[in-house]
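Keeping the supplied structure of chain G fixed, place chain D with the ligands upon it in accordance with the hints.
Chains as they are written, first to last, in the working numbering: chain G, 1 to 640; chain D, 641 to 891.
In short, the hints are calculated from the structure, not lab data.
Some chain D residues near chain G, calculated using beta-carbon distances under 8 Å:
{"#": "1", "residue": "E668"}
{"#": "2", "residue": "A681"}
{"#": "3", "residue": "D686"}
{"#": "4", "residue": "A688"}
{"#": "5", "residue": "A695"}
{"#": "6", "residue": "L714"}
{"#": "7", "residue": "R738"}
{"#": "8", "residue": "A751"}
{"#": "9", "residue": "P765"}
{"#": "10", "residue": "T771"}
{"#": "11", "residue": "V775"}
Below 30 Å or equal to it, Euclidean Cα-Cα: the simulated DSSO-like pairs (lysine-lysine) are:
{"#": "12", "chain 1": "G", "residue 1": "K362", "chain 2": "D", "residue 2": "K857"}
{"#": "13", "chain 1": "G", "residue 1": "K115", "chain 2": "D", "residue 2": "K783"}
{"#": "14", "chain 1": "D", "residue 1": "K857", "chain 2": "D", "residue 2": "K830"}
The model shown is predicted, which means the values in this text are computed figures rather than measured ones. Each residue gets a CB set at the ideal place from its N, CA and C atoms; glycine is no exception.
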Amino acid sequence: MSEIERHSYDVVIIGAGGAGLRAAIEARSHGLRTAIITKSLFGKAHTVMAEGGIAASMGNVNSNDGWQVHYRDTMRGGKFLNHYRMAELHAKESPDRVWELEAWGALFDRTADGKISQRNFGGHEYPRLAHVGDRTGLELIRTLQQKIVSLQQDDFKEFGDYEARIRVFAECAITDLFFEGEGDGRRVAGAFGYWRETGNFLAFEAPAVVIATGGIGKSFKVTSNSWEYTGDGHALALRSGSTLVNMEFVQFHPTGMVWPPSVKGILVTESVRGDGGVLTNSEGRRFMFDYIPDVFKAQYAETEEEGDRWYTDPENNRRPPELLPRDEVARAINSEVKAGRGSPHGGVFLDVSKRLPADVIKAKLPSMWHQFKELADVDITLEPMEVGPTCHYVMGGVEVEPDTGAAARVPGLFAAGEAAGGMHGSNRLGGNSLSDLLVFGRRAGLGAALYAQAVASETGAGRPALPDAVVEAAAAKALEPFSRQGGENAFTIQRDLQQVMNDLVGIIRTETELVDAIASLAGFRERVAQVTVEGGRVFNPGWHLALDLPNLLTVSECIAGAALVRQESRGGHTREDFPGMNPEWRRFNLICELVDGNVGVYKQDLPTMPDDLISLFEVAELKKYLTEDEISRLPEGIQR
Amino acid sequence: MTYTASMRVWRGDDEGGELVDYEVEVNEGEVVLDIVHRLQATQAGDLAVRWNCKAGKCGSCSAEINGKPRLMCLTRMNTFGEDEVVTITPLRAFPVIRDLVTDVSFNYEKAREVPSFTPPVGLEPGDYRMTQVDVSRSQEFRKCIECFLCQNTCHAIRDHEENKKEFAGPRFLMRVAELDMHPLDTLDRKELAQDELGLGYCNITKCCTEVCPEHIKITDNALIPLKERVADVKYDPIRWLGSKIRKRDGL
Ligand SMILES: Cc1cc2nc3c(=O)[nH]c(=O)nc-3n(C[C@H](O)[C@H](O)[C@H](O)COP(=O)(O)OP(=O)(O)OC[C@H]3O[C@@H](n4cnc5c(N)ncnc54)[C@H](O)[C@@H]3O)c2cc1C
Ligand code: SF4
Ligand code: SF4
Ligand code: FES
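Chain G extracted, bound-state conformation:
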């Protein structure tokens, strides 16, 4: 197989979304040769779809905001299961990461005094989301893309080659990672993939690999996620011997489109509610007032009047319950529909038309207006939208060391963005992902760069080449689907798997259904192993999906397995048979690992929040989350 291309880089970054691009900028800025690999074209990663904004406590709209407030909101949103250190770094560093985008050419919407404007979002105490209308993700990815181009222009000036130190491998997919050494000395040696355009293979030799592959949403039938979200990075990390954390927590966004059927799941941004949209059922009732959980009673309005006043006078009123964290709103909508009070197409109504004038709606929510007009024939300035929950985000991901992004157990492996776990605990607040990408993308890029430099100084300039046999084995594995006959096509298997996950591991879970799910998923192993493809190697989506399917199956097994073990309801994991949070369970993370090819789940202690951080909360609030034993051991200085 002589046609396998060989490349050698210091840092290989899998993923060209916000996390991957920010990591690449950092690694390249440290002078390292950096490769960025993406399944799509450059600039098309999932990040482009983000709408609402980037959370950062710049305090431009309300100067009471600060990192401590953002930290508290993030921990509350995640129901205190977040890795405290990640939440701390995130809250402290996100303003710098947003300002830096501006210096690279981003044009955010402005406040009257010329600063970056910030908008309200669910779970955030103050207006905090830097935004550009409702196309913030586009601005973010384009800015990072253009920053990379500017680094390439610098290299062109210096070396006469745009790609001297940073190259984007677009429409190229990674299927395997390479390692060298044994036992404690085992570490990353590179990555293997194929060009989608030609079907030809490439092997990267690199001491450091950053996984920034995004999420797993294609495990579910109704999702806001694209074909790319097959959990490749999650599965690559598991197969390399690393671990995943928090996989039972999947965020169902409360407002996806429900009609027409072909757009079911496509996202309706939370900004619709942040800017005044209200949720009603078929009886016209603003039902969210019936669903405020005890832990949040103090922060949310009890009457419609108070909620309405909050939009103009947030100092003296509490926010409306439409802005509760996503898990609460999604469950409420689910209950209303189940109780027979849904809209004609099985959702509920979301209305801004009665709250804002048409021109304001078009200015603040242009892409929503466009989306409903073009896809559903609905004019949102005149009539309500119909919305329902859709699989949106996975809180779970690669278990990482917070400061460096280093993946557990495997030297040389790093992870950031949606593919990494821990930051968001059991539930992510809106806007906290884009900031997460920037903060931890940068940190993982830096971590990988420092690691690669250390390896280089240890081994000298020359790196051992990857043995041909190892590379050829990876190629042979990728070609297997062509040699099989009589199996099913990949699309059919994917559709059936999505149905199982939707029906049995969805927004509300029970033990019997999870056991069924795990049994059904086991049945998919054989089907996935027998998948066959028609056609050739040139840009063949059937083949591409065939190679993604094992990943999709593995992450689905992790989700179902962890969901079965966690016997409580918290954030993005709701067990009908164990309603309510259990403080005993808050003390543990569930970790997934691969043992002889099978997914194993075990409990691991949650890292303990240090005194300076826990002192940011009042005991009355902590009592809602912590065990009595933990409360009794709280530090002296804390407000009682």
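Only chain D with the ligands this time, still in chain G's reference frame:
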């Protein structure tokens, strides 16, 4: 509401290909991309197509539908008659890779030729102050999803392969305009736009504006003002010529 549609899809690669007829189910509310996916799932597992967001946000699914450059995910099937044959072909201005997928690397090469945003020396991140009115103009251009439909449509590229070397196309001339109108950019790219990026090739036919799925007024708000700014720098005969050339029929 369900019916069977006759679709004609270009199948082939860089060596050639042909239109292939398919009969395929269509349901209420579906868009052309849904139908292409159904073909993939049921009749043509290896049919090559690009897509990501399915909501007009990523600019991946560009193609020509009955000869018109459009996003497949925003083209609803009910805009065609049930007995109408719907023909899908790849973008014409770029080399075909396979089926509906073309080689758009031309655009990424041109992107590199536009010098990047250059803020004033000494302005620290966090200290940027700009008013909404001042950023609005460039923000319109930053709505661009890089679908390259405008690039595909502009006759200076579509009908003249030889111009590709000298002409960056509407998308990247608009990028120059965007930076030129950025309140804090300090670099002058006007001469470059004229001399290196081929601004003179544009004779303001507005065909690019017509196909832009983001409804960006590329010609009126970016290209014409850029030409005017350039004209302040040097005399540009194409500008008055352009206004006299009639818009081409069709595309
Ligand atoms: C519709 C929508 C709206 C959203 N709105 C917001 C919002 O307003 N605010 C917010 O904070 N968050 C929002 N989110 C969430 C947020 O956008 C995502 O979590 C985030 O963009 C993920 O970024 P990432 O860099 O981790 O991955 P992505 O941007 O998804 O990038 C993943 C990259 O990895 C590549 N990749 C994957 N597998 C492979 C492989 N095997 N080989 C090579 N490359 C691979 C992909 O091609 C891609 O380039 C939204 C999400 C959606 C879907
Ligand atoms: S206006 Fe200019 S750039 Fe646009 S299509 Fe016409 S000639 Fe091309
Ligand atoms: S300007 Fe419009 S048509 Fe051209 S690439 Fe951008 S979005 Fe597409
Ligand atoms: S799929 Fe994203 S624009 Fe059509």
